[in-house]
Amino acid sequence: MKNEQTKESTIRAISRPSKGEAGKTGDWRSQTPVIDQEKCSQKESCLLCWLYCPDGVISREFPLEIDLEYCKGCGICAQECPRKAIRMVDGRNPSEKNAS
Amino acid sequence: MATSAAKLLPKEEFILPGTRSCAACGLMLTYRHALKALDPGKTIVAVPASCMTVLHGVYPITPVKVICINNPFGATGAAASGIAAGLKALGNDDYTVLAFAGDGGTYDIGIQALSGAFERGANFLYICYDNEGYMNTGTQRSSASPAGAITSTTPVLAKLQHKKNMIGIVEAHRIPYIATASPAFPLDLYDKVKTAKDTYGPRYMEVHAPCPPGWGFPNKDLIKMGKLAVDSGIHVLFEIKDGVFKLTSRSLSLAEKGKKKTISEYIKGQTRFKKISQDQINSLQEFVDQRWNEFLERHHRNSF
Ligand SMILES: Cc1ncc(C[n+]2csc(CCOP(=O)(O)OP(=O)(O)O)c2C)c(N)n1
Ligand code: SF4
Ligand code: SF4
Ligand code: SF4
Chain A
4 MKNEQTKEST IRAISRPSKG EAGKTGDWRS QTPVIDQEKC SQKESCLLCW LYCPDGVISR
64 EFPLEIDLEY CKGCGICAQE CPRKAIRMVD GRNPSEKNAS
Chain B
318 MATSAAKLLP KEEFILPGTR SCAACGLMLT YRHALKALDP GKTIVAVPAS CMTVLHGVYP
378 ITPVKVICIN NPFGATGAAA SGIAAGLKAL GNDDYTVLAF AGDGGTYDIG IQALSGAFER
438 GANFLYICYD NEGYMNTGTQ RSSASPAGAI TSTTPVLAKL QHKKNMIGIV EAHRIPYIAT
498 ASPAFPLDLY DKVKTAKDTY GPRYMEVHAP CPPGWGFPNK DLIKMGKLAV DSGIHVLFEI
558 KDGVFKLTSR SLSLAEKGKK KTISEYIKGQ TRFKKISQDQ INSLQEFVDQ RWNEFLERHH
618 RNSF
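Chains as they are written, first to last, in our numbering: chain A, 4 to 103; chain B, 318 to 621.
These aren't lab readings, by the way, just hints derived from the structure by calculation.
No experiment lies behind these values; they were computed from the predicted model shown.
Any given hint could turn out to be false.
Said to hold, decoys possible - Each computed DSSO-like pair below joins lysine-lysine, with the alpha-carbon atoms no more than 30 Å apart: (1) B:K592 <-> B:K578; (2) B:K328 <-> A:K42; (3) A:K22 <-> B:K324; (4) B:K592 <-> A:K42; (5) A:K27 <-> B:K563; (6) A:K46 <-> B:K592; (7) A:K87 <-> B:K592; (8) B:K324 <-> A:K27; (9) B:K328 <-> A:K46; (10) B:K563 <-> B:K578.
Unchecked claim - Cβ pair distances, simulated, as ranges: (11) A:R95 <-> B:K558: 46 to 52 Å; (12) B:P530 <-> A:R95: 29 to 35 Å; (13) B:H617 <-> A:S21: 49 to 55 Å.
Positions of the beta carbon are idealized from the N, C-alpha and C atoms, including for glycine.
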């Protein structure tokens, strides 16, 4: 009885997990990473881009995909790829032409 | 055995994308891999006011899939003690309590609660992510900021005092596990959090967490800065298990072969050091060399 009363009179502010807590953070980007799948080793033994992306928006499966809705465009993946397979291209949504 | 490749880390992400943290945040990369090393379904995090609170989001949404309790700035050690005591009373022995605080919340305002908890032998892991300043409120100086750094409270002369020896203070509590790590060496970080998870009692880790806006370097250089810090001996990677000191990872290979980089190489890419004088550079180099030699000596003493 006592416990139930306590429950009712307790105001609880509990957040629930969800994507996009700060909105679509891809909008923050001024440069966009573009992967050249042929240059990428396509090997699980690398995955340095996946390891170092602070936002965890690079897939672990090959061919690699970057979640551009949320990628903040920091450029770490491009900088750290040992095969220079990722390029940073100006703009938030580089067209296919720019990306090639 | 040490984790040797990225592919061996758990695939699941415990921080959902679209967080409020800056692009290229060293703290977030640290937290991302720390959570992979824990059992996030059986972990309760205690966080003080800091960039971590911001990462954890604004009610009613959080990007983090782990239970977290927000606490007053100076109270992390006390809050984590209470959570650990509560879990014990309820018989939930399989939970890990993780206190995760900035250097301001650890070296400065939180030191009393931390020391009290360690002295009582409270059962939790405390990770201090050291971004070397009060970054959430605009880069004020902390006792972890390096000498020679401009902060918003040391704007003219740059900071005069060297970094506080927090590891020494923690060691004085004779706790079972102490380690340092860096998000630029995520596998070493991951292994240490795993070891800490499996140790009972108070555990302390200090992670050097580069912060592009606070330190003044380009976002893309986050990993480079983290590595330079280790290569120059500004940050040294080690473990102290039951008092036994061992260098690990890149610091170990530096000790065995190789040569430290100079402090000048480390500071040149960061605008926070733009006012550092030659005397301050010399003094910082001396400070770093002395610490490094002490660590080397302890490492060798324990490895024979
Ligand atoms: C008692 C108290 N004083 C001041 C503040 C304001 N405040 C919030 S976060 C913060 C800085 C935290 O610095 P640190 O612990 O180094 O973490 P970081 O922001 O660098 O992640 C301050 C001063 C507060 N919340 N409570
Ligand atoms: S770092 Fe480069 S080569 Fe390695 S997996 Fe990523 S894109 Fe491919
Ligand atoms: S640019 Fe930054 S956020 Fe985007 S995928 Fe690369 S490392 Fe991740
Ligand atoms: S100020 Fe620094 S520590 Fe804080 S969120 Fe930004 S990059 Fe991360």
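Structure-based check of all given hints:
| no. | hint | verdict |
| --- | --- | --- |
| 1 | B:K592 <-> B:K578 | holds, 21 Å |
| 2 | B:K328 <-> A:K42 | holds, 23 Å |
| 3 | A:K22 <-> B:K324 | holds, 24 Å |
| 4 | B:K592 <-> A:K42 | violated, 42 Å |
| 5 | A:K27 <-> B:K563 | violated, 44 Å |
| 6 | A:K46 <-> B:K592 | violated, 45 Å |
| 7 | A:K87 <-> B:K592 | violated, 35 Å |
| 8 | B:K324 <-> A:K27 | holds, 28 Å |
| 9 | B:K328 <-> A:K46 | holds, 15 Å |
| 10 | B:K563 <-> B:K578 | holds, 21 Å |
| 11 | A:R95 <-> B:K558: 46 to 52 Å | holds, 48 Å |
| 12 | B:P530 <-> A:R95: 29 to 35 Å | violated, 20 Å |
| 13 | B:H617 <-> A:S21: 49 to 55 Å | holds, 51 Å |
Of the hints listed earlier, those the structure fails to meet are numbers 4, 5, 6, 7 and 12, in rising order.
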